[in-house]
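J.: This is what each chain is made of:
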Amino acid sequence: MSPIDREAHLNRWRQKPLVEKLLLALGMMLLALALKPWPAAALITAVMTGATLIGARVSPRVWLACATAPLGFLTVGVVSLVLRIELNGVSLAPGGIEAAGSLAARSAAGVTCLLFLALTTPTCDLLAGARRVGVPAEIIEVALLMYRFLFILADEVSAMDAAQAARLGHASKGRRLRSLGLVAANLLPRALDRARRMEIGLAARGWRGEMRVLSDRPGTTLRGVSEVAAVLCATAFLGIFA
Amino acid sequence: MSALLEARSLTYAYPGGVLALAGLDLSVSRGRKLGILGPNGAGKTTLLLHLNGTLRPASGEIRFDGRTVGYGREALIAWRRRVGLVLQDADDQLFAASVAEDVSFGPLNLGLTDEETRQRVREALAALEIADLADRPTHMLSFGQKKRAAIAGAIAMRPEILLLDEPTAGLDRQGAALLLNELKRLSEAGTTLVFTTHNVDLAWAFADETALFSEGRVIAQGETSDVLSNPSVLAQAQLQPPLLVRLGMVLRDKGLLQGEAGLPRDEAQLLAMVGIGRR
Amino acid sequence: MSALLEARSLTYAYPGGVLALAGLDLSVSRGRKLGILGPNGAGKTTLLLHLNGTLRPASGEIRFDGRTVGYGREALIAWRRRVGLVLQDADDQLFAASVAEDVSFGPLNLGLTDEETRQRVREALAALEIADLADRPTHMLSFGQKKRAAIAGAIAMRPEILLLDEPTAGLDRQGAALLLNELKRLSEAGTTLVFTTHNVDLAWAFADETALFSEGRVIAQGETSDVLSNPSVLAQAQLQPPLLVRLGMVLRDKGLLQGEAGLPRDEAQLLAMVGIGRR
Amino acid sequence: MHIMEGFLPVGHAVGWFAASTPFVVAGGVSLRRILRKAPETRLNLAAAGAFAFVLSALKLPSVTGSCSHPTGVGLGAVIFGPSVMAVLGTIILLFQALLLAHGGLTTLGANVFSMAIVGPWTSFAIWKALRGLGASIAISVFFAAALGDIATYATTAMQLAFAYPDSETGFVGALVKFGGIFAVTQIPLAIAEGLLTVVALNALSGRAGQANEVAVLSGEAR
Ligand SMILES: Nc1ncnc2c1ncn2[C@@H]1O[C@H](COP(=O)(O)OP(=O)(O)OP(=O)(O)O)[C@@H](O)[C@H]1O
Ligand SMILES: Nc1ncnc2c1ncn2[C@@H]1O[C@H](COP(=O)(O)OP(=O)(O)OP(=O)(O)O)[C@@H](O)[C@H]1O
Ligand SMILES: [Mg+2]
Ligand SMILES: [Mg+2]
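Residue numbers (UniProt numbering), protein chains in the order written: chain R, 1 to 242; chain L, 1 to 279; chain D, 1 to 279; chain U, 1 to 222.
Treat the hints as calculated values from the structure; they're not laboratory data.
A quick note: this is a predicted structure, and the numbers were derived from the prediction, not measured.
Ideal placement from N, C-alpha and C gives every residue a C-beta, glycine not left out.
Among these hints, one or two may not hold up.
[Unchecked claim] Reference listing, derived: stretches of chain L covered by chain D, where coverage requires no fewer than 3 residues with Cβ under 8 Å from a Cβ of chain D:
1. 95-101
2. 124-134
3. 142-151
4. 266-272
[Claimed, not checked] Simulated pairs of lysine-lysine, DSS-like, Cα-Cα distance not exceeding 30 Å:
5. L:Lys-254 <-> D:Lys-254
6. U:Lys-59 <-> U:Lys-128
7. D:Lys-184 <-> D:Lys-146
8. D:Lys-146 <-> R:Lys-16
9. R:Lys-173 <-> U:Lys-59
10. U:Lys-37 <-> U:Lys-128
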């Protein structure tokens with residue numbers, strides 16, 4: 001369903017310790033927001049894109065498809081900064097172009113950080129990490145189960161969609177909306193049915209209400225953390241003084 | 001006979017990278033029953049989704065009546081009214097509250113009047129022998145009944161070609177036999193059938209032609225009697241010949257088969273050929 | 001041999017009112033492979049859910065080691081650690097993010113230490129030959145791999161009895177053959193197997209004992225060679241004898257079968273019996 | 001449409017996290033209480049949450065031509081109630097950021113506030129109010145979903161206007177700008193989502209057993 005998830009599981013840095021990847025991504029994100037866009041944003045964009053594509057060897061095609069997805073939103077944002085609405089029409093806002101430029105640069109840097117994290121670290125690893133920092137186990141379990149169900153339901157939806165298309169359920173906008181309503185209506189009971197059957201499957205394996213599994217994940221190394229810290233400091237330094 | 005529907009060097013990769021079709025060629029002849037066999041993941045379902053335009057190949061083309069098909073809105077609509085699709089899991093295609101209502105989904109989308117639609121629904125339910133279930137809610141049907149309702153939904157659009165993904169999977173022996181009977185009647189009435197299966201014995205008994213899949217390609221297509229009696233090509237698709245073929249071949253090697261050179265197509269034939277006949 | 005697990009005149013109706021089990025008797029003998037055959041809706045799945053305490057009969061009882069089981073929390077837990085269940089749809093059983101994590105769920109619920117659990121996981125993955133998939137997320141497995149992972153999750157608890165609902169359904173020939181091989185190894189290592197199937201030929205080849213279901217009852221249980229060679233009782237369960245039995249019986253009637261009186265259990269036997277042998 | 005990564009200045013990002021936290025924590029606490037009592041509810045909740053996620057990834061044919069996505073806000077609020085929706089909505093937004101690169105992490109606080117708090121509470125209030133006034137289920141659901149959708153996007157427009165006030169006309173001017181742009185795309189979408197939700201809940205209530213299960217779910221969750 002999600003090419004991002006696939007890359008996250010198959011990339012070269014999949015087994016790198018969670019803390020290191022998270023520290024790098026979130027650290028860079030905060031720097032992108034906190035520092036002046038020039039040159040920090042450019043630097044961050046370059047470093048994070050390099051880390052994703054060269055370091056983790058994520059497929060450039062998948063990366064590009066994800067990187068261009070938020071362009072629509074960015075366009076809306078940028079256009080609103082550049083233009084000024086007055087009673088007698090629309091004109092360029094003073095300093096608008098400059099402001100829009102910084103915003104675009106900062107957003108681009110942020111997106112590369114997000115993509116680095118999403119494409120190198122499976123969501124389930126992040127959730128497991130969240131449990132370790134004290135998010136209640138019950139909530140994490142719901143999230144992990146949801147992660148599991150997502151893929152099952154997405155397959156069911158695409159099959160339903162194909163079945164409807166085959167019977168011309170997409171022939172017009174009105175029919176399409178109706179078909180979509182039918183998908184939604186049929187999917188919820190099926191999802192709940194799945195939940196009921198999975199409960200049987202889990203009970204058969206001795207489930208007592210707590211969902212403990214053994215996950216052996218690589219531990220954080222001092223060296224890895226220092227490396228990430230060094231990259232963050234260097235970026236901060238260059239961003240402030242260059 | 002010229003092909004009614006034809007796939008030419010199709011390639012297709014699912015988002016994420018798996019190459020599901022890798023230069024596949026297949027041709028569907030008018031009025032025949034074509035069985036598609038191959039291991040899990042060979043690309044059988046993916047091909048069916050190409051044959052009605054649900055998926056669009058990365059390269060290669062589909063030809064219908066000798067003309068390359070288009071993927072515009074109108075082209076797809078025209079294509080799908082002629083090619084029906086029945087997916088493996090009937091639950092994926094039953095949406096409406098009752099069987100009759102569900103079967104009416106396609107005809108109404110064709111823009112038929114209520115009267116014509118009602119007529120089509122009646123016919124389709126009769127063809128699958130589920131007229132008595134017309135008002136039953138779809139989620140209260142048994143497995144076999146759901147399968148029938150799903151097929152009725154497809155044939156109510158009177159397609160020329162019906163694509164079926166593993167039509168007998170999960171059905172008990174009798175249910176499968178009845179369903180095959182109904183499909184046979186549809187075929188005799190002129191509908192071209194294309195179906196996938198894991199069951200070589202079923203293909204041997206039912207299909208006029210057989211195509212063997214392996215890793216996104218058709219490695220052999222031809223008359224069932226030729227394709228399924230060729231152990232070396234079957235082995236490439238990780239299949240064994242049908243049991244009747246295996247027995248028949250050993251017997252033939254030993255000179256025990258009487259009559260024409262062919263292999264027995266069903267049990268009675270096998271027995272006749274070894275000179276026994278049914279009691 | 002006394003029964004390890006026994007169902008006595010079970011009745012059960014689903015909330016909607018369908019009588020799924022109607023006075024069913026069945027006994028499971030230690031160390032054997034019991035195949036359950038019967039048409040769609042006969043109650044096979046419902047029975048398996050009773051045999052591990054998921055469903056509780058309206059009347060009748062389940063006996064384990066000669067003692068009536070209880071349905072208290074602790075009793076159920078003790079029961080389920082001895083009786084493993086593998087559902088038909090592997091997606092209903094795989095919940096964790098990776099295969100190894102998923103397989104560790106059962107052992108941890110048994111209260112094993114992390115070290116013991118790790119050992120059990122290794123063993124179970126090795127038994128199903130999926131050790132290389134340990135870190136693979138469950139949603140990136142193929143159909144057959146999911147099936148194996150689900151079975152690994154059950155056997156990691158080292159159950160004495162393993163219940164399997166249609167274990168080979170949807171698998172291709174080779175996948176099914178490999179899985180049956182692995183189940184055979186489990187059986188030889190001492191696990192009692194109970195499985196449902198629609199495939200009489202599979203039961204004929206694999207099961208030591210067979211039970212025939214019809215409308216919520218067991219209409220016959222016994223040695224596979226007896227039950228599946230009895231056409232009249234099979235007909236009650238809407239089944240035909242396995243192909244090898246059908247052929248073997250005709251040949252026997254004609255006095256063409258050599259050797260002992262039995263019917264051929266596999267193809268090689270059939271050929272040997274008609275005095276041909278393999279090439 | 002969620003606010004993309006990197007779009008909000010630090011102060012705003014932090015501020016919206018702070019604003020959302022109490023709601024999410026309160027939802028989390030009540031959810032935990034439910035799950036302690038009935039552990040199997042987590043399967044239902046997860047399945048329903050996955051359903052909402054998948055729904056929000058479906059393409060909705062919108063009247064303006066471009067394809068858009070439903071929010072699922074109204075459906076979620078009517079089924080689960082707004083307090084649980086705060087938690088489920090947060091998880092959904094996190095998944096959208098990580099699995100679809102839709103939205104962002106530093107902007108998660110702001111997106112949670114609009115889509116998992118304001119939207120569901122609006123839908124829920126309208127649903128209760130209309131039902132209380134004796135409106136039919138269909139009418140109530142339609143307005144709950146459509147207005148919940150609009151409230152979500154109005155909140156987003158407001159968040160953007162706060163972050164980027166117009167140099168002369170200030171917050172109000174920016175709100176007009178952002179709101180104007182959204183209005184063109186979102187009002188038709190809100191109507192579509194309202195209709196979709198009515199069709200979905202209608203068909204659902206046709207299934208007696210399942211409707212009960214949903215009722216139980218919402219009863220427990222509220
Ligand atoms: N929605 C999907 N996303 C990604 N990969 C897919 C998807 N559907 C199928 N595949 C992959 O494409 C390949 C072909 O799959 P397909 O379903 O066409 O095989 P099949 O021959 O129908 O197999 P089966 O006998 O198991 O039904 C497989 O490798 C499969 O894993
Ligand atoms: N969850 C359920 N709710 C209501 N009725 C059910 C449910 N599950 C099964 N039934 C009904 O109970 C009867 C027995 O079903 P069961 O699933 O045990 O049959 P089965 O022998 O396993 O069939 P199959 O071969 O199709 O798997 C059928 O009539 C079925 O419709
Ligand atoms: Mg398939
Ligand atoms: Mg069953």
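J.: Please verify whether Lys-37 (chain U) and Lys-128 (chain U) have alpha carbons no more than 30 Å apart.
T.: holds, 27 Å
J.: With the threshold set at 30 Å, check whether the alpha-carbon distance from Lys-173 (chain R) to Lys-59 (chain U) stays at or below it.
T.: holds, 12 Å
J.: Count the residues of the stretch 142-151 of chain L with a beta-carbon closer than 8 Å to any beta-carbon of chain D: does the count reach three?
T.: n = 3 at 8 Å, threshold three: holds.
J.: Establish whether the coverage given for the stretch 95-101 of chain L by chain D is satisfied; the threshold is a Cβ-Cβ distance below 8 Å, and no fewer than three residues must meet it.
T.: violated (count 0)
J.: Under a C-beta cut-off of less than 8 Å, do 3 or more residues of the stretch 124-134 of chain L approach chain D closely enough to confirm the stated coverage?
T.: violated (count 0)
J.: Does the alpha-carbon distance linking Lys-59 (chain U) and Lys-128 (chain U) stay inside the 30 Å limit?
T.: holds, 29 Å
J.: Hint check: Lys-254 (chain L) vs Lys-254 (chain D), CA-CA at most 30 Å. Holds or violated?
T.: holds, 19 Å
J.: For the pair we were handed, Lys-184 (chain D) and Lys-146 (chain D), check the Cα-Cα distance against 30 Å.
T.: holds, 19 Å
J.: Measure nothing beyond the straight line between the CA atoms of Lys-146 (chain D) and Lys-16 (chain R); if it is 30 Å or shorter, mark the hint as holding.
T.: With Cα atoms ~26 Å apart, Lys-146 (chain D) and Lys-16 (chain R) stay inside 30 Å; holds.
J.: State whether the coverage of the stretch 266-272 of chain L by chain D holds or is violated, taking the criterion as 3 or more residues with Cβ-Cβ distances under 8 Å.
T.: n = 3 at 8 Å, threshold three: holds.
Comparing the model with each numbered hint stated earlier shows that hints 1, 2 do not hold.
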